[in-house]
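Q: Order-wise, the sequence lines are chains A and B.
So in our numbering, spot 98 of the first sequence is number 98, and the numbers just go up one at a time.
So in our numbering, spot 18 of the second sequence is number 18, and the numbers just go up one at a time.
To be clear, the hints were calculated from the coordinates, so they are not data collected in a lab.
Just so you know, these numbers come straight off a predicted model, no measurement behind them.
Cβ coordinates follow ideal geometry from the N, Cα and C atoms, glycine included.
Heads up, a few of these hints could be off.
[What the hints assert, rightly or not] Think about it this way: if two alpha-carbon atoms lie no more than 30 Å apart in a straight line, the pair counts; the simulated DSBU-like pairs of lysine-lysine are: (1) A/387 with B/16; (2) B/16 with B/131; (3) B/3 with A/550; (4) B/80 with A/312; (5) A/557 with B/32; (6) A/545 with A/535; (7) A/227 with B/57; (8) A/535 with A/387; (9) A/312 with A/387; (10) B/131 with A/559; (11) A/489 with B/57; (12) B/69 with A/550; (13) A/304 with B/16.
[As the list claims (entries may be wrong)] From chain A, some residues computed to sit far from chain B (all C-beta separations above 10 Å): (14) 150; (15) 282; (16) 286; (17) 301; (18) 314; (19) 386; (20) 412; (21) 480; (22) 487; (23) 491.
[To be verified] Cβ-Cβ distance ranges computed for the label pairs, FRET-style: (24) B/84 with A/561: 28 to 34 Å; (25) A/304 with B/86: 23 to 29 Å; (26) A/297 with B/105: 30 to 36 Å; (27) A/129 with B/84: 41 to 47 Å; (28) B/72 with A/126: 30 to 36 Å; (29) B/72 with A/213: 23 to 29 Å; (30) A/487 with B/104: 25 to 31 Å; (31) B/29 with A/479: 56 to 62 Å; (32) A/549 with B/86: 53 to 59 Å; (33) B/29 with A/531: 53 to 59 Å; (34) B/144 with A/486: 51 to 57 Å; (35) B/84 with A/480: 42 to 48 Å.
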Amino acid sequence: MKKRQKWFGWLLGIICLILVLAVPAYSKDKKKEYSSSQGWVQGIEIPTPGYRTWVKGLKPPEAKPIEEKTGIDAIVEKFMTPINDVLYNGVFYSIPFFGAKLKLVIAWLIVGSLFCTFYFRFVNLRGFTQAIRLVRGDYSNPNSDEAGEVSHFQALATALSGTVGVGNIGAIPILIMIGGPGALFWMMVAGFIGMSSKFVECTLGVMYRNNNPDGTVSGGPMYAMVKGFAELGRPKLGKFLSYFFAISLVIGCMGAGNMFQSNQAVMQFVNITGGANSYFASRGWIFGLVMAAIVGMVILGGIKGIAKLTEKLVPFMALFYLTGALVVLAAHANRIPEAVISIFTNAFSPEGISGGFIGIMIIGFQRAVFSNEAGIGTAAIAHSAVKTDEPITEGLVSLLEPFIDTIVICTITGLVILTTVYGDPSITGLTGVSLTSEAMSRTIPWVPIPLAVAVLLFAFSTIVSWSYYGLKGWTYIFGESNASSFTYKAVYCFFIIVGCSIPLTSVMDFSDAMVFLMTIPNILCIYFLAPVVKKELNSYWARIKSGEIKNYRQLRKRKRNTR
Amino acid sequence: MMKSILVGIDDSDPSKRAAEFAAAVARSQNAKLLVVYVIQWTPFAFNTLEENESRHKRHEEEIETASLKVLTPILNNLSKYGTNIEGFVRHGRPAELLTHIADERNISQIVIGRTGASGLKDIMFGSVASKMVQRSSVPITVVP
């Protein structure tokens with residue numbers, strides 16, 4: 001059994017690597033394909049260079065000022081294009097699949113998540129109530145050393161504030177516009193199986209984290225790769241994968257966690273200050289400078305107050321957003337059944353999308369992965385700060401993350417769009433956050449400004465969180481000296497300004513590709529180390545059943561009743 | 001079985017009096033005395049990643065300062081009563097944690113000071129003492 005799994009993991013890994021490396025040969029053919037009759041309506045292919053950014057809600061492709069490239073932009077483009085061609089086409093290399101184009105990396109993630117779901121026999125369902133009990137603190141003894149350490153709730157909240165971002169509000173309308181209501185269904189399915197892969201990666205993160213001599217902890221996939229593979233007798237492979245992961249982590253964070261977020265924030269800011277007429281419309285760098293200064297104060301200047309404040313505000317902003325969305329839904333309650341039906345029927349028989357249901361399935365999956373980060377490995381870094389003797393508990397808690405992020409928040413956004421503005425011809429020209437904003441303001445007219453504040457805060461907290469993830473990758477490669485951390489942080493701040501001032505095309509593609517590159521070592525690591533996690537999980541369940549691990553809440557209740 | 005008395009302390013004067021009172025009671029009843037210092041902490045807070053990373057270190061430091069500055073002086077002072085004394089520092093919500101310890105360790109009575117160190121907060125949210133009076137399953141003595 002064990003041997004077969006190893007073999008399976010190896011095979012998948014090798015296939016993927018070969019494809020990544022073999023791409024330059026194919027890229028010529030692929031270029032031809034784009035210019036052929038396949039339009040984006042067919043769902044899954046890339047019609048223009050602007051497609052990627054459009055999907056992520058930056059700008060619709062027609063609004064992209066391709067001719068008027070500024071100096072910085074041109075230099076960046078020139079530098080990035082050749083690297084990008086290889087990487088982007090490689091990572092997003094797609095194969096024909098029942099009339100649709102299946103991006104290889106998406107397939108890799110789907111297979112990985114499905115593997116986790118089945119191998120752990122639907123831990124996402126079995127562990128759900130247990131996860132809630134853990135977050136509630138039922139299993140933590142208040143009279144022990146464990147009290148005062150990072151609690152399960154704290155770890156989950158921190159990880160969530162890095163995950164819940166602009167995408168939850170702004171990318172869903174775009175998802176619906178491209179894929180129709182049915183794409184939401186597949187996004188939910190992806191969130192559901194993503195719960196299992198998140199469970200495994202976070203358990204591994206805690207299991208193999210480093211307890212540094214100075215009392216701090218550092219964990220994440222790179223440590224799991226090094227230590228876990230050494231246990232399996234493959235230290236060299238582990239080391240290779242860990243560096244592979246760390247490098248893509250550093251670059252991916254600069255893009256997806258930094259430039260994408262800051263760009264979204266500046267878009268929203270321009271929107272509320274007057275759209276195209278805004279003073280800031282062509283001066284994004286001013287906003288970027290301010291943003292970089294604030295982020296710099298936090299990560300470089302060590303002014304922790306700002307970060308602490310955001311950390312405390314973000315949950316309330318999320319709550320505010322959800323309440324607002326629920327109010328909108330309540331006002332349109334009569335349209336909810338129709339919307340829900342359309343989600344399910346369109347999932348299997350989409351209208352006007354010739355990629356068929358596989359086409360929108362892929363779009364939905366991609367959205368979910370970007371949103372909840374399952375399978376990418378970043379969340380494991382956040383979760384490994386928890387001090388616990390049972391790594392499984394942290395894994396179980398982390399499976400709530402894709403649930404809250406994708407199945408709850410993204411779905412609610414989707415329902416808001418479907419019950420209000422979907423199918424309304426007057427909304428043309430609006431995308432991303434502004435569409436959600438418009439949808440909500442029809443019921444609650446004052447919503448746009450607090451929503452903009454929420455978006456700015458989400459973007460800020462995500463930028464700060466990802467700076468931390470990226471720093472972990474950086475210090476893993478270059479060591480923990482002050483000088484090296486300072487270099488990283490300074491570069492990170494600089495990229496905020498870049499992200500605000502240029503329309504992102506190839507840079508974005510590049511960092512997307514890097515984020516997805518992280519899934520290759522991470523999911524390989526999951527395949528190899530899954531048996532270790534399974535052993536732990538089984539032992540944990542057995543001890544829960546036998547009562548060896550005490551449920552303190554139940555004990556308290558019993559005591560109160562017997563009194 | 002030997003009786004145990006629990007006294008909850010912080011670095012306020014009333015709690016020093018409470019500790020002395022509890023020690024006197026313990027001596028007269030020939031009971032064991034449990035001295036507990038609770039550092040305010042809740043598992044339901046929102047932290048940054050850096051805070052989480054260095055939490056373990058901070059946790060140790062907090063316990064060390066609390067026992068050095070508050071617990072040890074009080075324990076030294078109580079040693080004149082000659083009773084069996086045990087003292088420790090814990091993190092948590094004071095009222096909940098003290099009643100929990102009382103239940104867990106089969107404490108026969110609890111002694112606490114009336115006003116704690118955090119003045120204004122207690123006026124606004126109700127003091128630890130009044131919360132404990134409502135929760136506790138054993139007799140409570142509140143020392144002014």
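Q: State for each hint whether it applies.
A: Each hint tested on the structure:
1. A/387 with B/16: At roughly 33 Å apart (the allowed maximum being 30 Å), residue 16 of chain B and residue 387 of chain A break the hint.
2. B/16 with B/131: holds (20 Å)
3. B/3 with A/550: At roughly 26 Å apart (the allowed maximum being 30 Å), residue 550 of chain A and residue 3 of chain B satisfy the hint.
4. B/80 with A/312: Distance of about 47 Å is beyond 30 Å: violated.
5. A/557 with B/32: holds (27 Å)
6. A/545 with A/535: holds (16 Å)
7. A/227 with B/57: holds (23 Å)
8. A/535 with A/387: holds (20 Å)
9. A/312 with A/387: holds (22 Å)
10. B/131 with A/559: holds (19 Å)
11. A/489 with B/57: holds (24 Å)
12. B/69 with A/550: With a Cα-Cα distance of about 34 Å, the restraint between residue 69 of chain B and residue 550 of chain A is violated, given a limit of 30 Å.
13. A/304 with B/16: Answer violated: residue 304 of chain A to residue 16 of chain B is near 35 Å, above 30 Å.
14. 150: violated (5 Å)
15. 282: holds (34 Å)
16. 286: Non-interface label stands for residue 286 of chain A: nearest chain B Cβ at 27 Å, farther than 10 Å.
17. 301: Answer for residue 301 of chain A: holds, closest chain B Cβ roughly 13 Å.
18. 314: violated (7 Å)
19. 386: violated (8 Å)
20. 412: Check passes; 21 Å lies beyond 10 Å.
21. 480: At roughly 12 Å from the nearest Cβ of chain B, residue 480 of chain A sits farther out than 10 Å, so the non-interface label holds.
22. 487: Holds, since 18 Å exceeds 10 Å.
23. 491: holds (19 Å)
24. B/84 with A/561: 28 to 34 Å: holds (33 Å)
25. A/304 with B/86: 23 to 29 Å: violated (37 Å)
26. A/297 with B/105: 30 to 36 Å: violated (48 Å)
27. A/129 with B/84: 41 to 47 Å: holds (44 Å)
28. B/72 with A/126: 30 to 36 Å: Because 48 Å falls outside the window, the suggested range is violated.
29. B/72 with A/213: 23 to 29 Å: holds (26 Å)
30. A/487 with B/104: 25 to 31 Å: violated (51 Å)
31. B/29 with A/479: 56 to 62 Å: Roughly 60 Å apart at Cβ, these two residues keep to the hinted range, so it holds.
32. A/549 with B/86: 53 to 59 Å: This hint is violated: roughly 26 Å between Cβ atoms.
33. B/29 with A/531: 53 to 59 Å: Because 57 Å falls inside the window, the suggested range holds.
34. B/144 with A/486: 51 to 57 Å: holds (55 Å)
35. B/84 with A/480: 42 to 48 Å: holds (47 Å)
Hints 1, 4, 12, 13, 14, 18, 19, 25, 26, 28, 30, 32 from the list above are not met by this structure, while the remaining hints are.
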